[in-house]
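Colleague: Line by line, the protein sequences give chains A and B.
Residue numbers for the first sequence, in our numbering: 1 to 871.
Residue numbers for the second sequence, in our numbering: 1 to 221.
Calculated from the structure, these hints are not laboratory results.
A portion of the hints provided could be inaccurate.
Stated by the list, open to error - Heads up, incomplete: computed chain B residues facing chain A, CB under 8 Å, no partners named:
| # | residue |
| --- | --- |
| 1 | Val-20 |
| 2 | Ile-56 |
| 3 | Ala-88 |
| 4 | Glu-97 |
| 5 | Ser-109 |
| 6 | Ala-170 |
Unchecked claim - Away from chain B, derived, C-beta distances all over 10 Å, residues of chain A:
| # | residue |
| --- | --- |
| 7 | Arg-211 |
| 8 | Ile-323 |
| 9 | Asp-557 |
| 10 | Arg-782 |
Quick reminder that beta carbons are idealized off the backbone N, C-alpha and C, glycines included.
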Amino acid sequence: MMIWLTGLLRRRTGRILGTAAGIAAAVALLATVGSFLSTARASMTARAVAPVQVDWQVHLNAGADPRAVLATTRAEPGVAVALPVGYAKVPALSTQDGTTVSTTGAAVVVGLPPDYRTVFPGQIRDLGGTGNGVLLAQQTAANLRARPGSVVTVTRPGLPAAQVTVDGIVDLPHADTMLALDPAATAPPDNVLLLPATTFTTLFDPLRADRPDLLADQIHVRTDRRLPADPGTAYTVSTGAAHHLDATLAGAGQSTDNLAAALDAARSDAAYATALFLFLASPGAALAGLLTATVVAAAADRRRKEQALLRARGATARQLLSIAAVEATVSGIIGAALGAAAAAALGSLVFGDSGTAAWSAAAAAAGLVIAAGTVLLPAGRSLRTQTVAAGRTGAARPRLPLVLRLGVDGIALVGAFLVLRATTATGYQLVVAPEGAPRIAVDHWAFTGPALLWIGAALLTWRLVEAGLRFGRRPLTTLLRPVAGPLAGTVAATLQRRRRPIATAATLIACAIAFAVSTAAFTATYQQQAEVDARLTNGADVTVTATPGDLTGGLADAIHATPGVRHVETIQHRFAYVGADLQDLYAVRPATITGGAHLADAWFTGGTAETLMHRLEQQPDGILVSAETVTDFQLQPGDQLILRITDPRTGNPTPVTFHFLGVVNEFPTAPTDSFLVANQHYIAGKVGDGPSTHLIDAGGHDPATVAAALRAAIGPGPAITDITASRTVIGSSLTAVDLDGLTRIELGFALLLAVASAGLVLALGLTERRRTFTITTALGARVRHLAGFVAGEALVITVPALVIGAGTGVGLAQVLIVILKGTFDPPPDRMALPWTYLIVLGAAMVAAVAVTVTGVLAQTRKPRLALLRDV
Amino acid sequence: MERGATVFVGTHLSRTFGQVAAVRDVSCRITATDRIAVTGASGSGKSTLLQLIAGIDDPSGGRAAWPALDGHPRRRPGRIGIVFQSPALLPTLDVHENVALSVLLAGQSAGQARRAASEALRLLHLDDLADRLPHELSGGQAQRVAVARAVATNPDLVVADEPTAALDSATAAHLLDVLLSTVDRLGAALVLATHDSTVAGRMDIRWPMADGTIPTAKASS
Chain A
1 MMIWLTGLLR
11 RRTGRILGTA
21 AGIAAAVALL
31 ATVGSFLSTA
41 RASMTARAVA
51 PVQVDWQVHL
61 NAGADPRAVL
71 ATTRAEPGVA
81 VALPVGYAKV
91 PALSTQDGTT
101 VSTTGAAVVV
111 GLPPDYRTVF
121 PGQIRDLGGT
131 GNGVLLAQQT
141 AANLRARPGS
151 VVTVTRPGLP
161 AAQVTVDGIV
171 DLPHADTMLA
181 LDPAATAPPD
191 NVLLLPATTF
201 TTLFDPLRAD
211 RPDLLADQIH
221 VRTDRRLPAD
231 PGTAYTVSTG
241 AAHHLDATLA
251 GAGQSTDNLA
261 AALDAARSDA
271 AYATALFLFL
281 ASPGAALAGL
291 LTATVVAAAA
301 DRRRKEQALL
311 RARGATARQL
321 LSIAAVEATV
331 SGIIGAALGA
341 AAAAALGSLV
351 FGDSGTAAWS
361 AAAAAAGLVI
371 AAGTVLLPAG
381 RSLRTQTVAA
391 GRTGAARPRL
401 PLVLRLGVDG
411 IALVGAFLVL
421 RATTATGYQL
431 VVAPEGAPRI
441 AVDHWAFTGP
451 ALLWIGAALL
461 TWRLVEAGLR
471 FGRRPLTTLL
481 RPVAGPLAGT
491 VAATLQRRRR
501 PIATAATLIA
511 CAIAFAVSTA
521 AFTATYQQQA
531 EVDARLTNGA
541 DVTVTATPGD
551 LTGGLADAIH
561 ATPGVRHVET
571 IQHRFAYVGA
581 DLQDLYAVRP
591 ATITGGAHLA
601 DAWFTGGTAE
611 TLMHRLEQQP
621 DGILVSAETV
631 TDFQLQPGDQ
641 LILRITDPRT
651 GNPTPVTFHF
661 LGVVNEFPTA
671 PTDSFLVANQ
681 HYIAGKVGDG
691 PSTHLIDAGG
701 HDPATVAAAL
711 RAAIGPGPAI
721 TDITASRTVI
731 GSSLTAVDLD
741 GLTRIELGFA
751 LLLAVASAGL
761 VLALGLTERR
771 RTFTITTALG
781 ARVRHLAGFV
791 AGEALVITVP
801 ALVIGAGTGV
811 GLAQVLIVIL
821 KGTFDPPPDR
831 MALPWTYLIV
841 LGAAMVAAVA
851 VTVTGVLAQT
861 RKPRLALLRD
871 V
Chain B
1 MERGATVFVG
11 THLSRTFGQV
21 AAVRDVSCRI
31 TATDRIAVTG
41 ASGSGKSTLL
51 QLIAGIDDPS
61 GGRAAWPALD
71 GHPRRRPGRI
81 GIVFQSPALL
91 PTLDVHENVA
101 LSVLLAGQSA
111 GQARRAASEA
121 LRLLHLDDLA
131 DRLPHELSGG
141 QAQRVAVARA
151 VATNPDLVVA
161 DEPTAALDSA
171 TAAHLLDVLL
181 STVDRLGAAL
191 VLATHDSTVA
201 GRMDIRWPMA
211 DGTIPTAKAS
221 S
């Protein structure tokens, strides 16, 4: 055994290294993408919880002792800090400016302990004045026309009104959670006043006896956040801890778990990340395995003859299997080690993380399985089915493989079609994550479709190439004449009889191309939609949303004057009732809107963006509505639509008549459900101006830089967002997780596999036929004759592989886009094809083939005459 | 080719592989219709000398010339027919295609190659095997096909490297009959390496080789 192993390592180094290289590719891909998955999940968890300020809000039930609940909460495992917060509901807040009295509707007054802003620094953002003392929320300040120094009167039911002096104006970025007075609250109150705890106690303790219904107590908790990396597990841990606190409080309080709510969304993203891993990495790993098998199979003739010689000299089947096992083990260990090292290097380079030991070990184990499957299994099969004599003579006339004779390709393709049809029926979702439910569901059936499509497409490629060579000798001869000249018939005959290895090689290369094309097209589409999403969310390169009170044109002038601003487009956001349904209404200037905001044709139905904006311009009372509204209200083009829009001058809803013009599905800054788009000028004429959002075209300048310049120019009042930030703020979604890294690795591997399969498979096949070329040279063949053989084979393998592979890749990408539509928001109207990558891929493959052909020809120039003596 | 024309002249030929001298200072001449047996033990340099004569290898020293061929055999493919120790048929071509290949490589058209191959197979009584693949032939049949391939181009010289080594005596005798009758019909010279004295006995001339050289005399017809 040792003699054989030594001989193998010394004389068959290429064979061992070729096998190891294929295994290394599979191991590296699996380990790298696996590590990405781990990193991505941890990143999702971190991103999801980062914006959360108050992890848990404990709502005290009536009659509960606030001190006891606070003590119990602070003693709970995992609680880092717990602070008491008081709430009071008041009928109104008011201010008086000279003779003008401004009064709000119902308001909430909040009492905060002194260290609240230190413990929860992101809860309150200063917009003006000092950050301490009496603070007024931005919108409330606008409603009351209050500023620091203003005196606000707080109405107290049953008690005289109290007066406080405003120290600062603040923004409450997490108002929805901070101001939720009970766990079931859905929307934050409109008017908010924040008081120091002592002032709050002075003002509202007298109400406790008579009107306890107006007061509420909460405990805001910051946990130690020792959470598992996986968002799903972190969700379960956080939920469990919050439930434990509820149980410990024994009815005295009930917690709202803001941490779990944030993780709830991230865990479905984690499920999609896993799905992406399965869809994108597993075909690559399988392909690397197939490449390894092809490398091994290229030496099958020689291996079979070696085996036959050993059998003829008395070697037992057990000994022969042991020899194959040694070869498989050596190749597997070398390949696994190389692959793990490559994955660690790639991980460090791309993700800044060398990966996890668990993933490296799992990938290495997969590498050993590939080694066993590609070396040991064929050896065993050969032992069972081949006689010594047959082993020494060589290949018989090629038969169609059993899988093709059974029509597995057709069955797989029909199966794929049926599964895809079934799984993509209306309402289909790959990942179902019911809000609050402890577990998420991934529809694993969806994986069957692409898997069957891969199998069917690969086998169909094999069948087509096989059939083309079997039955197409005459046309093949004609096609080969330019490269093979008078030898075209002979080359065609050779190719026809070698159709099995040629079809195998073409199939492998087609699969490699399909993998590269599908990965590239999917990721390009994904990135395209992420960009569209960011653009839809932000509306433009930079968006400035004015404070509700700012209805003047001064802000627009200041924006115009800021460096880096090329064009400013102002749209106004209003609310309007369509029947009883309150919808967002966007008042636009149709003639100029496209100067600041990008409008895609796919966002409109019944015309392009340009034609519909033109129609809106021509018809001042025209209106574009969502498809949902068209259905709900049975609208026909030209129908009259009367909306009730609040007039800011009077505060009263005013009926305004419009005419239905067309359908809009998406619009910058608009929500995903129902909304309306109409003429700004027309609406302003009926109900006055509304709050403005300025969409800014940065004209090629860095949006983040322009946003920073705007902040410096117009102060902290208006909210300024840029598209760069939007890209990362699209929640903890996959786009925010460094998908670029995965894309780079996937595309790199795809390119490597495609080039390796084209070059290596071709080179191995041709190298294994060195004796044939030596004989042909000895018979008088010149380089041009051999070039006919070599180039003919290269063309017959690569041309169909390129055509079929590219087609299959596009088809697979389309299927992935359909199945993974949950990762797209909005869904793409067409697939994006990354032409640069595809051109590089094609060029790299052509180069690999050219280098291989040239290399093989260079080898044949100096024939190894010793080969002439081989039997 | 004229009777007595010089087909090959080797002058102080040598061929070394690293430190090993396979052929040392061999001078020889081959004329048309010569029947030469190159004899000697295994490793004596027979195959290397034949490769030099066939022009498929170049000498490390000395000079090889083929006066009757008007140039090097690599530029005049088909003028020297070669029969290797093993049949060395291309496994992916059938018998007819294997034979036709040598004619095509000699620069003939596809039609001429087809006709020449059919003729050669007919001469060697191999017509019935034309469609078979090499692995479907017996050892003797395959070697006869190799002979057919060697003579299909009507060569001036046939070089055969132990063509009967792997055959039983009856098959070997039959193959030799076929080979001799074919070269007789073509009027070609024959140089045959063998360590079988029976085979050598049927040749007109013997070149006994030992340690890469022909010690008895300068080989010449």
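Colleague: Going through the earlier hints one by one, which of them does the structure break, listed in rising order?
Modeller: 1, 6, 10
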